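Undergrad: Starting from the structure of chain A, add chains B, C, D, E and F where the hints point.
Residue numbers (this note's numbering), protein chains in the order written: chain A, 1 to 321; chain B, 1 to 321; chain C, 1 to 321; chain D, 1 to 321; chain E, 1 to 321; chain F, 1 to 321.
Keep in mind that the hints are not guaranteed to be accurate.
30 Å max Cα-Cα, derived DSS-like pairs, lysine-lysine [as the list claims (entries may be wrong)]:
hint	chain 1	residue 1	chain 2	residue 2
1	D	Lys182	D	Lys222
2	C	Lys222	D	Lys222
3	B	Lys222	A	Lys222
Read the hints as simulated data drawn from the structure, not as lab findings. Just so you know, these numbers come straight off a predicted model, no measurement behind them.
There are 6 protein chains.
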Amino acid sequence: MTSAAQDFQPIDSAVTPRFAEPATFMRTPYVPDRQGVEIALVGIPFDLGSTNRAGPRHGPAQIRDMSRLIRQVNASSHIAPFKLCRVADIGDAPVNPLDLMESIDRITAFYRDLAGKGIVPVSAGGDHTVTLPILRGIVRNGPVGVVHFDAHADTLDTLLGSRINHATPFRRAVEEGIIDPKRTVQIGLRGTRYSDEDIQYGYDMGMTIITMDDFEAMGRDKVIAATRKIVGDKPTYVTFDIDGLDPVFCPGTGAPEPGGLTMRDAQVVIRGLRGLNLIGGDVCEVSPPLDPSGHTALNGANLMFEILCVVADSVARGRKN
Amino acid sequence: MTSAAQDFQPIDSAVTPRFAEPATFMRTPYVPDRQGVEIALVGIPFDLGSTNRAGPRHGPAQIRDMSRLIRQVNASSHIAPFKLCRVADIGDAPVNPLDLMESIDRITAFYRDLAGKGIVPVSAGGDHTVTLPILRGIVRNGPVGVVHFDAHADTLDTLLGSRINHATPFRRAVEEGIIDPKRTVQIGLRGTRYSDEDIQYGYDMGMTIITMDDFEAMGRDKVIAATRKIVGDKPTYVTFDIDGLDPVFCPGTGAPEPGGLTMRDAQVVIRGLRGLNLIGGDVCEVSPPLDPSGHTALNGANLMFEILCVVADSVARGRKN
Amino acid sequence: MTSAAQDFQPIDSAVTPRFAEPATFMRTPYVPDRQGVEIALVGIPFDLGSTNRAGPRHGPAQIRDMSRLIRQVNASSHIAPFKLCRVADIGDAPVNPLDLMESIDRITAFYRDLAGKGIVPVSAGGDHTVTLPILRGIVRNGPVGVVHFDAHADTLDTLLGSRINHATPFRRAVEEGIIDPKRTVQIGLRGTRYSDEDIQYGYDMGMTIITMDDFEAMGRDKVIAATRKIVGDKPTYVTFDIDGLDPVFCPGTGAPEPGGLTMRDAQVVIRGLRGLNLIGGDVCEVSPPLDPSGHTALNGANLMFEILCVVADSVARGRKN
Amino acid sequence: MTSAAQDFQPIDSAVTPRFAEPATFMRTPYVPDRQGVEIALVGIPFDLGSTNRAGPRHGPAQIRDMSRLIRQVNASSHIAPFKLCRVADIGDAPVNPLDLMESIDRITAFYRDLAGKGIVPVSAGGDHTVTLPILRGIVRNGPVGVVHFDAHADTLDTLLGSRINHATPFRRAVEEGIIDPKRTVQIGLRGTRYSDEDIQYGYDMGMTIITMDDFEAMGRDKVIAATRKIVGDKPTYVTFDIDGLDPVFCPGTGAPEPGGLTMRDAQVVIRGLRGLNLIGGDVCEVSPPLDPSGHTALNGANLMFEILCVVADSVARGRKN
Amino acid sequence: MTSAAQDFQPIDSAVTPRFAEPATFMRTPYVPDRQGVEIALVGIPFDLGSTNRAGPRHGPAQIRDMSRLIRQVNASSHIAPFKLCRVADIGDAPVNPLDLMESIDRITAFYRDLAGKGIVPVSAGGDHTVTLPILRGIVRNGPVGVVHFDAHADTLDTLLGSRINHATPFRRAVEEGIIDPKRTVQIGLRGTRYSDEDIQYGYDMGMTIITMDDFEAMGRDKVIAATRKIVGDKPTYVTFDIDGLDPVFCPGTGAPEPGGLTMRDAQVVIRGLRGLNLIGGDVCEVSPPLDPSGHTALNGANLMFEILCVVADSVARGRKN
Amino acid sequence: MTSAAQDFQPIDSAVTPRFAEPATFMRTPYVPDRQGVEIALVGIPFDLGSTNRAGPRHGPAQIRDMSRLIRQVNASSHIAPFKLCRVADIGDAPVNPLDLMESIDRITAFYRDLAGKGIVPVSAGGDHTVTLPILRGIVRNGPVGVVHFDAHADTLDTLLGSRINHATPFRRAVEEGIIDPKRTVQIGLRGTRYSDEDIQYGYDMGMTIITMDDFEAMGRDKVIAATRKIVGDKPTYVTFDIDGLDPVFCPGTGAPEPGGLTMRDAQVVIRGLRGLNLIGGDVCEVSPPLDPSGHTALNGANLMFEILCVVADSVARGRKN
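So here's chain A without its partners, still in its complex pose:
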């Protein structure tokens, strides 16, 4: 593995067929000691923040397995992330499946350590709660912008009496000053709501909310332009709740909401983020027990690759500066 880690290239599928060898994210080398890594692919096998159907704890494993299908170059943007940066699978963030708060703290510490080493993370959840400890760990110099794909705003104050769960991370992150609501864009919101006030917090804080109705009215190009304008050239994080997609693309998720984004929508918009100042990203809420076929995880793996491409492009550009 030493040599693999040295040149940081994925297993060559023209030599070793895709079904062979233990699965790592996109067949990248497994480098748990993180030596030389610029971009870390990380799993967060956590779902204690789920209030309905559990399962995303198994997300990293199935995304790793389905990411065997990913090759090296993005056919649309021509970005070749493994050429641009030293990318590796560094394993999973530590969690305790019996303790929500301890897990949050352990994940935070894990990402803080990465940030201290200058490693940029692209992560696979886990339920959407995990974006909070990721951001707690990696945000160091004031609040960051966020491009947030989701069916739900995840800005409730509490759910079932709890302040830390998959319905609240972006409210907590605003309160803690780690994300800037005025540089936050939420894309794809829709579905039934507990009350008409469910997403009011975002509007009140100055978030830009592009519901599915808005998305369709605007069209992709305007969505991309608006997003780029809002987050600007300051540090920005990308988070993709798989349920931002229409459920046909993610039968394996806990809270599917019909009438959502297509994979094509998601791919085009993420590609449109190229050139931004990106500090990392994640894909969350892939729940393998609800989709043993792996179709949801395949989409998750592809979204993770799209995010990796624009993040690697950003990291490579940053390196030159």
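TA: Only chains B, C, D, E and F this time, still in chain A's reference frame:
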């Protein structure tokens, strides 16, 4: 259950998690005695009218289960049906799985009783035959208009020698004078046909047929406008055969026809029916044995909710007049 | 529902087919106010005590659904539990999917209330942690005997640093003086272990451990005789972790261990408990996301029925005394 | 196809791989005109007699597909049925999925025609109702003996008000004088019952009922000996409801009852029928929608092969006499 | 079967329900001796050219089964192929699952024989390698044009050291002079690539490549117009790799690439080929083990029907000239 | 990874939950450079020797994933293999999915290299062909004994014209002098056969064949005793074709044969091999596409663990001598 029935609110998912308690439609109270109910959510576990793959008899059970995911407010239209009306799950219409004609008669009587009590039904089938006994039961003062989403016209004269089955209900209803073909719109027709004459009856009777080719050529806004114009402000019923959707949205149905509506199409068009004089609606042909994942039933539950929203809006407006 | 609750008979499947109406346990009346109930069928949708694959939170829903297949009379023992006692589905114990300890306390209070009303519970989990709050709630006069079917002893001191989880309930229960280890029999233990000491606590405390090797060497008759002798005629509780069965009978469980009991084994041994002084029972660890076919839940429902039969027989005898 | 029909040998899997060519029963030639056929393999795609979960209408198709795995010789009995007799797939009996009684009549006529041509049928259902029209069609000279594997007696008088359904065929057959209850053996009965009287008719008529409790107490050898003695050397029919097996062997069936026969039990007992005077047989209640994996149909196909072996042996011996 | 073959009409589903009788492509008569056949529906159960997930060897069987749902007339184009031409299922091309090269040769010979008899093939793969031996067999007078739907160009020189596999057929066909790259259109290309040069060969040879980005930018009408112009009125072959579709339409394929064509896209574009000089077509890469639900095969069957319609139209026109 | 490799202990599931981190066999360290390894767990992702349903190429991946459930100590034998020996996952043997013979040669070379380093392999297939190159690689000093669990003898001369496939390995191995037929025991043979001569080669060569009929007649103890006597104390290899089990235990295999071994049978017999001179073992024919639930792979992982236990015991004893 008395108190639940009194205030007619669904179980509060911020107190009782979605996976708990026996499943009723959208977590509404189960009120088999119908006391105080304005809008009844009804299951019709019947599929003896199916000529190919059976299974919709299990539709109500799986739709109930997946409707746990429905919340209280429509995020696009802001309609809150459980605030507007007293909505309850009143259980299933009676059927005999060994006797087609007896079942039809029992279903008819069940709906006639509801109509006599002034209760408006929103139903979950069952195969599409059930729309006939529903209409026989609830239509009292001359033929009604119909908005009919489907891949198939369901206006054959006979199939396999039978006049009552899931390929014939709308022809029978025209013949019986309970629907007005000139106020009937069929949306989404497509697929292979037994003969080029399969849907000619509708054209001959003056139905408005918007095939998938038409739908795409017109666009949603024109489809909505045309539909509203045709049905006008007289009593109108909404019926949604789940196979009106593309099969990716309904793998669990008996006669899937590729190239159909998206859930987004369906949601937008149903929302466009707001303000019409709606007397009820149904979602049919969800076949759980063909989709144990529940993805089809999830879409069915969401369509049922969309229909409920516009029906509740209509009922509430009617109450004021 | 009032009349149903009055005579406490399940829905008659010779009138209303099995696939109709909302699912309750064994089609018994749903009586959330518990009026007149002697034996309560209860769901506990809790799985925060799971350390690997989650899912049993959905157990009660799927067991209710598959229990539609249960009829009224036990063909082997001829016990007709719904004739012997007033049996009803009283809904689910309250839980908070975001808080393990709060859930345990709420479940305990729920069962304490039942015990206070003299209602005997037969429950469907939920992971095996739930047997602890059940016993905390219902044991009032000193420790009870336990007949415990399982692949695992569930007597670890801690797992992942936690004292309350699905690997520890019977140790806690001994420590708390609510079960009598000398009147406890564990049947079916097997599988790989963390260490050779995993089940030593049980031996040390005087539990009777019948491993699969022992079970096979003894044969069912001797297992029954030994069990009856050990628990004697004092109050005894029956708990069945579905993974006591061979995984072919329970693909939908979190910790399957090949080489286990057959359903026939389980049925015969439970029937062999007839005549004991039984204060309740449960079936745990049915995990629907891991078995959408419902085969595991079908077996769970049948085991629940077998336990109900011997419990109802005990309750009815106790009533006479 | 002419040549295939002439020598009546299955497709040779050492030349044409198992996954190739349209599926026929056991890869035998498809001979819908029945010319030269001695033993006909027949499908009966009928399930209108089902009172709960439908699906056996698809049984013949899936059994055909899984029977690709069957080879030519029985490894235990060394019977090579395709060498002993001219065996062919003659297609399916005619049915009308919209008309129970018409279907029964058409099936009866179909089998009567076979009997008239001296062709012995081995059939794949279909729900268990189909054994009645089969027997009506083929029994010509007084009542025949029956070896009946099942979890249920299927001797109710009526169910849901109907006299013809999958719970009644053997009562009707006794009443019509086409089976001799004193030469009828029912093997594997168990499960929950509507009432303690459910199977009393069989006892009253003199049927031999070997419940699962009896089966286990007797052991296979005594079961075989008793069965052979009871049916004697007069014409006997074999009917196997797949739910006679434990549900692990038949997840794809409508009324599974845990605690049943193993495939090994079934194989050994059917092999033990060799030498009897067998006039045909069937395997029923395989429901593909409930088991898309085909595992149930695989067992169905193997049971059909076992029955074919003993029937072919009987036909070949009869030919010599 | 003789009569069926004589009039070459599919089984009439208004007489024989869809689930009955052995499955042939679109219920056409099975005519392995090919007498009188104009258009042959052929299966090629071959997948030795797959480099990742196998399974297409089972494609013909599942496509046959799902094609039971196809009726006789195309609702959009009104083409009735079974009226236009004598269409039959002639069985499967011969293969050896243990020998890639022998299989290729046997398939080639099989198609050469068809071509010699003037029979036009519409085939169901098999992996995409099979288009090479099909073309080798049927192309006689110089290179033909190709309309090629796919996520991948399939024009690599070698993969895993092999020149014959599912990543190379169109390069080999160009080299062998059986297809004309200047009359070849590739539609739907996208996804991750081994290198940025993966599809360069096509550009270099003068193929017209319409990537998904191009497709969306052009719109369907321009894609159709461009395709018609490029292939002109000389002989043209249509080949559809099911993975040209978005994976929601083909979960059962070996190399799914998110962001692809919808079924509606595919239907409209294929219908747009009407009037071309079409010499055959195929649908490949349906992998049943990866989609037991049959949804992928249903789409495959419908695409095969769409191709059949335009091919039959071409054959019928050719006949008149 | 260095430290993990140094102490060669599996990931401690009391610290890192089972669902976390990339999957290796039984969570052992991944040591592709093999430094310090005594027993290598190896995957062989090869299935080009399959003549019917493919898929075992994915076996190693799914067995790795399901082996997360394995703990450290055998509860019956008390063997703790990771304490006895330095056990590691060394990755997969090299294969070419486009070239059967090249794959066989590469696998042979891989195992020859292991043998040269004194590393004992316990492998996960792959189809059963792989046992031939394993044995070619590791057998050095004359033929070895074999304990072979299987439904099939795998001693045909050729199948489909090929001498190297999953139906022939043990005949080839006898011919090549690498296994000693007189020290070979085949356990579990049954099922339908191509001809009555299918397994005659084994009898002729002096193999001991314990068919399922024999197995049942003898009982496990006699089977163990006979096996131990036949293989004696000379070097012996253990190979387990998963289809030796009844299909309920292995729905995910290519050639299931009803009426086979239970997992309990297999566990007890393998444990009975303790004390023999074991040089390695394998588990083959797990086909994940046919069982996405992982149940088959779970059994495969457990059998691999059972074999590992007796092999580790043998290696540890050998080390002392």
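Undergrad: Now tell me if each hint is right for this structure.
TA: These are the hints, each one checked on the structure:
| no. | hint | result |
| --- | --- | --- |
| 1 | D/Lys182 x D/Lys222 | holds (18 Å) |
| 2 | C/Lys222 x D/Lys222 | holds (24 Å) |
| 3 | B/Lys222 x A/Lys222 | holds (24 Å) |
Hint violations for this structure: none, all hints satisfied.
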